[in-house]
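**Student:** Listed below are the residues making up each chain.
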Amino acid sequence: MLDTFDPQQKIQLNYGGKIFVTTRGTLDKSPFFARLLSSEGNKDESGAYFVDGSPEYFEPILHFLRRGEIRLDANMNPEAVLDEAKFLDIENMPFAEPKIE
Amino acid sequence: MLDTFDPQQKIQLNYGGKIFVTTRGTLDKSPFFARLLSSEGNKDESGAYFVDGSPEYFEPILHFLRRGEIRLDANMNPEAVLDEAKFLDIENMPFAEPKIE
Amino acid sequence: MLDTFDPQQKIQLNYGGKIFVTTRGTLDKSPFFARLLSSEGNKDESGAYFVDGSPEYFEPILHFLRRGEIRLDANMNPEAVLDEAKFLDIENMPFAEPKIE
Amino acid sequence: MLDTFDPQQKIQLNYGGKIFVTTRGTLDKSPFFARLLSSEGNKDESGAYFVDGSPEYFEPILHFLRRGEIRLDANMNPEAVLDEAKFLDIENMPFAEPKIE
Amino acid sequence: MLDTFDPQQKIQLNYGGKIFVTTRGTLDKSPFFARLLSSEGNKDESGAYFVDGSPEYFEPILHFLRRGEIRLDANMNPEAVLDEAKFLDIENMPFAEPKIE
Chain A
480 MLDTFDPQQK
490 IQLNYGGKIF
500 VTTRGTLDKS
510 PFFARLLSSE
520 GNKDESGAYF
530 VDGSPEYFEP
540 ILHFLRRGEI
550 RLDANMNPEA
560 VLDEAKFLDI
570 ENMPFAEPKI
580 E
Chain B
480 MLDTFDPQQK
490 IQLNYGGKIF
500 VTTRGTLDKS
510 PFFARLLSSE
520 GNKDESGAYF
530 VDGSPEYFEP
540 ILHFLRRGEI
550 RLDANMNPEA
560 VLDEAKFLDI
570 ENMPFAEPKI
580 E
Chain C
480 MLDTFDPQQK
490 IQLNYGGKIF
500 VTTRGTLDKS
510 PFFARLLSSE
520 GNKDESGAYF
530 VDGSPEYFEP
540 ILHFLRRGEI
550 RLDANMNPEA
560 VLDEAKFLDI
570 ENMPFAEPKI
580 E
Chain D
480 MLDTFDPQQK
490 IQLNYGGKIF
500 VTTRGTLDKS
510 PFFARLLSSE
520 GNKDESGAYF
530 VDGSPEYFEP
540 ILHFLRRGEI
550 RLDANMNPEA
560 VLDEAKFLDI
570 ENMPFAEPKI
580 E
Chain E
480 MLDTFDPQQK
490 IQLNYGGKIF
500 VTTRGTLDKS
510 PFFARLLSSE
520 GNKDESGAYF
530 VDGSPEYFEP
540 ILHFLRRGEI
550 RLDANMNPEA
560 VLDEAKFLDI
570 ENMPFAEPKI
580 E
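Chains A, B, C, D and E supply the protein sequences, listed in that same order. So for the first sequence, my numbering puts the first residue at 480; every next one is plus one. So for the second sequence, my numbering puts the first residue at 480; every next one is plus one. So for the third sequence, my numbering puts the first residue at 480; every next one is plus one. So for the fourth sequence, my numbering puts the first residue at 480; every next one is plus one. So for the fifth sequence, my numbering puts the first residue at 480; every next one is plus one.
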C-alpha cells in the first residue's frame, strides 16, 4: 500500500514539450498510461512523464479520460486525434462519426 | 475576520496544467470553488489550487463567473464546455441555446 | 517630473494569468488603466499590474489602444470583447457593426 | 568587424510580452528592425528587444521575413496584420489580395 | 557506440522561440534534422537545437515525422506548412491534395 497509488495523486505529463497536469486516477483508465507511470525511467529531468506526441491532439483524449466524452472543436482535424488515440492504444473512442459539421 | 476572505484576494488556479489568476470574490460565486478554496490540501506545490480539467473549456466558465455572461468562440465545442460546467456543479449556465452560428 | 511618467516606460500587465507587456503611453489612453497604474497596490508579487479578466478578449482591446483600430479574428465572439470593453470603461470602441462575416 | 553582425546571430524579440527567437539576418531585411537592433536601449531587462504590438499579428510578418511569403490562417483578421505591417514600415507586403476564402 | 545515438533520447528544439520535445529517432527520419543534431553549435544557450521558423507551421511537420501522416487543422494555411516543409528539405510530404474542406 504505497501512496503512489492514490488516484488523486497529481501527475505531470510532458507531451511533446507541453506540460499537462492530471491525476493518477484519470490516467490509469488507459493501459498505455498505466505502463508509462509504472517506470521512473519514463520521466524527464523535471519529473514529468514524457510522451513523444502532439499536445494539441492529445487534449481531446485527455478530456475523454477525464469526462468520458469525445469533444472536438470545429477547427480540429479528427484524423489527427485518431492517429494519437491509436498511438496511445485507446481503442474505445467513439470516433466512427466525428461530431464536426 | 481573516484577510483570506478579502474578495479582492488574488487566487491562482492550476487547471489541468495552465495557471489562471482571478480573485476570491469571482470564485466564491461557485460552491465548487468555494469548497476548493476552503482547504490548503487542494493546492499544488506552487501554491495554486488544482483542478483536473481542460483549461480551454474552463475559460468561458471563468468569463461567466467574472462577467455574468456565457460567450463561446465560434470554433469551440459547446458540449465540452457543458461537460466542464457539470463537473464544476455550475447549474445556472444559460446553455439551452448556445449562441453559435 | 518622475521618470515613471515616461510614455515609453514598459508596463507589465497580468491579465487573468497571462502577462502582456506594453507601454505607459499606450495604457494612459484609457482612464481605467491610468487609474490602475496610479497605485502600486494593484501589482502582483512579480510587479505586474493585475486585472481579473479573460486575456483572449483583452487582446483586441490592447490592439485598439496601440493602433487605434478594432480588429477581430473570424472565430472570436464579439460580445465577449464588448463585455471586456465595458468592464474597462472603454466607451469609444466602434462596435456597432462588428466586422465579422 | 564585430560578431554582432553575424547574420546567424540569434535575436530574442519581446513582442508585446511574447518571446520570439530569430536571427539577425532575418530581421535586417526590415529597416524598422535594423534600427531596433542598433541600440541596446531597446532591450528589456532580460535582453530581448521590445516592440509594443500584438504577437499574433506579428507572426505572419515574421514568417514573411523568414520565407518571403505572406500566409494567413483562415481565421486571422488580415487588416490587423496590415496595421502591424504599417507600424513596422514594411511596405512591400503583397496585401492587395489577401488569400482568405 | 555512444548513447547519444539512442533513438529514444529526448531532444529539445527551439523552433522560433517555442520549445518542442521529441526523440532522436523521430528527427533522424529527416536529413535536415540529422544534420542539425550533428553539431553542438546549433544549440541555444539552454541546450535546445535552434531553427529559425514559425512553430505553428512546424507542428504538422513534426506530427508527420512522429506518426507518418499529414494532418492540417481546418483553419491552417496549407501553403505556410509547405513553405516550412521546403525549408526543412522534407520532400515526401503528400501535399498535392491538402485534406482541407
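Hints are not guaranteed to be accurate.
Where chains are identical, the list cannot tell them apart; a pair therefore holds if satisfied intra-copy or between any two copies.
[As the list claims (entries may be wrong)] Straight-line C-alpha distance at most 25 Å; calculated BS3-like pairs for lysine-lysine:
| id | residue 1 | residue 2 |
| --- | --- | --- |
| 1 | K565 | K508 |
| 2 | K522 | K497 |
| 3 | K522 | K489 |
None of these hints come from the bench; they were simulated from the model.
**Student:** Can you give me the call for K522 and K489, within, between, both or neither, at a CA distance of at most 25 Å?
**Tutor:** both (14 Å within a copy, 10 Å between copies)
**Student:** Could you figure out if K522 and K497 sit no more than 25 Å apart (CA to CA) within one copy, between two copies, both or neither?
**Tutor:** both (14 Å within a copy, 20 Å between copies)
**Student:** Cα distance capped at 25 Å. Does K565 pair with K508 within a copy, between copies, both, or neither?
**Tutor:** both (15 Å within a copy, 21 Å between copies)
Violated hints are absent here; each numbered hint is respected by the structure.
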